[in-house]
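**Q** Protein chains in written order, with numbering that gives the first Met the number 0: chain A, 0 to 277; chain B, 0 to 290; chain C, 0 to 357.
Since the hints were derived computationally from the structure, they do not count as laboratory data.
Hints are not guaranteed to be accurate.
To be verified - Label pairs and their calculated CB-CB ranges:
(1) 299(C) / 103(B): 56 to 62 Å
(2) 169(C) / 93(A): 41 to 47 Å
(3) 95(A) / 24(B): 18 to 24 Å
(4) 37(A) / 139(B): 20 to 26 Å
(5) 139(B) / 240(A): 19 to 25 Å
(6) 111(C) / 103(B): 44 to 50 Å
(7) 140(B) / 162(A): 46 to 52 Å
(8) 108(C) / 162(A): 53 to 59 Å
(9) 37(A) / 56(B): 50 to 56 Å
(10) 18(C) / 34(A): 46 to 52 Å
(11) 88(B) / 240(A): 53 to 59 Å
(12) 93(A) / 49(B): 19 to 25 Å
Stated by the list, open to error - Dumping the calculated DSS-like pairs for lysine-lysine here, alpha-carbon to alpha-carbon at most 30 Å:
(13) 95(A) / 99(B)
(14) 269(A) / 99(B)
(15) 269(A) / 13(C)
(16) 206(B) / 94(A)
(17) 105(B) / 94(A)
Said to hold, decoys possible - One side of the interface only, derived from the structure: several residues of chain B facing chain C at Cβ under 7 Å:
(18) 152
(19) 184
(20) 191
(21) 200
Heads up, the beta-carbon is just placed ideally off N, CA and C, and yes, glycines get one too.
The chain contents come next:
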Amino acid sequence: MSAFTFKEQNPLPGFRLTLGFAVLYLGLIVLVPLSAAFLKTATMTWPAFWSAVASPRVLASYRISFGAALLAAAINAVFGLLVAWVLVRYRFPFKKLVDAMVDLPFALPTAVAGIALAAIYSKNGWIGRWLEPLGIKAAFSELGILIALTFISLPFVVRTVQPVLEDLESELEEAAVSLGASRWQAFRRVLLPPLYPPLLTGFALAFARALGEYGSVVFIAGNMPMRTEITPLLIITKLEQYDYQGATAIAVVMLTASFALLLVINLLQKWSQQRTRG
Amino acid sequence: MAGPAISRLNRTVTARHATHDPAWVQWTLTAVALLFLTLFLFVPLAAVFTEAFRRGIGPYFDAFRNPDAISAIQLTLTTATIAVPLNLVFGVAASWAIAKFNFPGKSLLITLIDLPFAVSPVISGLIYVLLFGAQGWFGPWLAEHDIRIIFAVPGIVLATIFVTFPFVARELIPLMQSQGNDDEYAAITLGASGWQTFWRVTLPNIKWGLFYGVILCNARAMGEFGAVSVVSGHIRGQTNTMPLHIEILYNEYNFVAAFAVASLLALLALVTLALKTWIEWKNPAAHGAEA
Amino acid sequence: MSVEVRNITKRFGKFVALDNVSLRVNSGELVALLGPSGSGKTTLLRIIAGLEFPDPGSAQVLFYNEDVTNLPASQRKAGFAFQHYALFRHMTVFENVAFGLRVRPRDKRPAEPEIRSRVAKLLQLVQLEPLAQRFPSQLSGGQRQRVALARALAVEPKVLLLDEPFGALDAQVRKELRRWLRRLHDEIHVTTLFVTHDQEEALEVADRVAIMREGRIEQMGTPEEIYEHPASPFILNFLGNVNLFQGRIHEGRVVIGGAEFQATNHVGESNSGAVAYVRPHDIRLTRERTGQSSLAARILRVNAAGPVVQVELERLDDHSQFGVQLSKEFSRQLNPQAGEQVFVELQNLRVFAEDYSI
């Protein structure tokens, strides 16, 4: 059926106007510019594309970006679950404040986070000066990248797990314990399984965000080619050298990875909703 | 008599045992969680303000007397003033169409609206360079007509609109979907026109969700770094926003000024969080995703 | 004729919600659309209001002989009360009721004092004057429903449409409110259609009842007509509290387990399987066999709590179970006991051929 007959089915006005505007705006702001990246790449020959996206320096940047993002998401999966658990189950002073502050990485501009983290973890910084004697170089190293990515992707797991944990009825645990389960067994077998979907969703969201992050990382990473150069930075470097094709080719690889992740996240969220409804 | 009393006692003991962890477990888990949050949230936040005031009040305020800083603040405000209302109008229009009507391709449209969140900020800037840059699709035409978009304010605004695109819509769509159409139907059976229905019935129903989306959209619009960095050209006094200005000061080792400007943005973040928490507290249903 | 719909068909995908329905409602009448969920009653109501549209064809909706089929909902002047009230949360009771007057075009809008006095009168009518400045969230379910009614009445509707008006209320409030609605209707005489799935509600409140099933109107009539002359086994079943007896039609009479009965309705001469429907108060209990028209049964349970005595029985021949209602007085005379064997005499049998689908 066409959109026109659908309009006839609803007594409310404004369908064609609002949908028309929304689609036009979406097209102009998002879809046309994004397709420009793919069309630009399509003009490249295959060997040129391959050398742009698979040179040693680019490959090294993938390793760093994907590796650090995965690790940061994993750290946040563990600590995010812990934070959500503590926020939902326990009582402690300033809990409301702590709860609200979990969203800070969403609200704080990445450049601000970047310089703050760099200041803290540099060798004269509040934390860096304690790590220095231990032989740990936090700022301007791979560890710095990990710290920045952990910061900016911190809220995702907490915010996906928290509502599900709140909805879990304590009767479930009571039932498990009344059937003879130990506290640990009740956690492992009754509480944890419903948390897998939101945990995975949060992990994927954190990973996706960390993968594309730029602002907070550049200040703390040191940005040495082959060692601490993340892929988004490499795109900027290519742009500054007027290598538009090279930059775009790498961007297309990143975009493809992001869209695949988006698809996975959508599927995870559907799964999550089915689980919660059931 | 004793039987039921004992079994009731047993029940409460079991219940407490089932849902409450031993004190040492509670303490340990809470301590670890708070330590993690302190390291990653509170220490960086404290660092911003400490570094900003390292040389005292005077140098702190000097940072804002610099003409470049003033122009960066002005540009940031201008950008947000254009980007936020546009995305607000889009968000309301899109959620009206999506929540109030059925049409084929609806879930695809919802996914496409979320797309900018999945794109790296750097790429968000890059795609506009590909369209409007000197070597871009429209580059020659723009050069001919002496219109500058990339390395100029329009490019900054466009990139900001892109990265903040989904905020209002993704807040309103689930909220309006959960509210259904009955209020609007009631209004039209009472003789209200479409505009009257929207202004008098729909808008009051969604105002908190709308506000929520707008403050998040604004925070991101004022703080965006990566995307803006690509299209700005970093021309002092002309195309530097506050985050870009921070970068320049930082790279010049002018730490006090960098952190002073950063403290302003950190303050904005705190205000945003406070407003957000206030809305959630005042109107739990406003946050559509949880309604 | 105040409201008339002609040849309304409505499909949702493959599902036929309304199948060529026509209905006429007299001016000032209170009509119930009664049916199980999915029978199309709410869809019909929404089509009359202009909130839903019939499939294109010869469908017509008329208000006082004026064709409103193509008129938008905002111009039909059909007052609609929603099942969950749809009160505007951010407006007071007063402003909710005043809404329909305030949104009128400037030239037709009453002046502020006029609005105030009209709203006050309506609030008086629904007995909510003292609550005028409250918000909907501060009202009980029954009060909300009354605000919704006052709001719908404020625009002086040609017809009042109520979708499950008592559906969201608990049993006690439900009963009070439906009597109140009847009295209100007797006072203001606005043509009213209301949707319900509760047969008791429909039979008690309405002037006429239209029973709907699978997108069609199965029978329409006064509550008495419907109760005394149900047109189909479906209606008998839907009205509830009826016993089924399997038997055969033979030369115009019904044969059940060896006994012969005269049917109340016309059954013809056909020699075929049949189902007889008998209401529990149309069954007589005796200790002795009274002739051709009685069946042997055993008493399973006797329940004397309530205004009548309920007896559950089981037939001796095919062990099917049925229920009988006895008056207290008769029960005292007979003194039925669980386990004993008795004879039952069936009266007022309504017989339908077996293949009549339910």
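**Q** Give a verdict on every hint.
**A** These are the hints, each one checked on the structure:
{"no.": "1", "hint": "299(C) / 103(B): 56 to 62 Å", "in the structure": "holds, 58 Å"}
{"no.": "2", "hint": "169(C) / 93(A): 41 to 47 Å", "in the structure": "holds, 43 Å"}
{"no.": "3", "hint": "95(A) / 24(B): 18 to 24 Å", "in the structure": "holds, 23 Å"}
{"no.": "4", "hint": "37(A) / 139(B): 20 to 26 Å", "in the structure": "holds, 21 Å"}
{"no.": "5", "hint": "139(B) / 240(A): 19 to 25 Å", "in the structure": "holds, 21 Å"}
{"no.": "6", "hint": "111(C) / 103(B): 44 to 50 Å", "in the structure": "holds, 47 Å"}
{"no.": "7", "hint": "140(B) / 162(A): 46 to 52 Å", "in the structure": "holds, 50 Å"}
{"no.": "8", "hint": "108(C) / 162(A): 53 to 59 Å", "in the structure": "violated, 46 Å"}
{"no.": "9", "hint": "37(A) / 56(B): 50 to 56 Å", "in the structure": "holds, 52 Å"}
{"no.": "10", "hint": "18(C) / 34(A): 46 to 52 Å", "in the structure": "holds, 48 Å"}
{"no.": "11", "hint": "88(B) / 240(A): 53 to 59 Å", "in the structure": "violated, 39 Å"}
{"no.": "12", "hint": "93(A) / 49(B): 19 to 25 Å", "in the structure": "holds, 20 Å"}
{"no.": "13", "hint": "95(A) / 99(B)", "in the structure": "violated, 35 Å"}
{"no.": "14", "hint": "269(A) / 99(B)", "in the structure": "holds, 22 Å"}
{"no.": "15", "hint": "269(A) / 13(C)", "in the structure": "holds, 27 Å"}
{"no.": "16", "hint": "206(B) / 94(A)", "in the structure": "holds, 28 Å"}
{"no.": "17", "hint": "105(B) / 94(A)", "in the structure": "violated, 40 Å"}
{"no.": "18", "hint": "152", "in the structure": "violated, 39 Å"}
{"no.": "19", "hint": "184", "in the structure": "holds, 5 Å"}
{"no.": "20", "hint": "191", "in the structure": "holds, 4 Å"}
{"no.": "21", "hint": "200", "in the structure": "holds, 6 Å"}
Going through the hint list in order, the structure does not satisfy hints 8, 11, 13, 17, 18.
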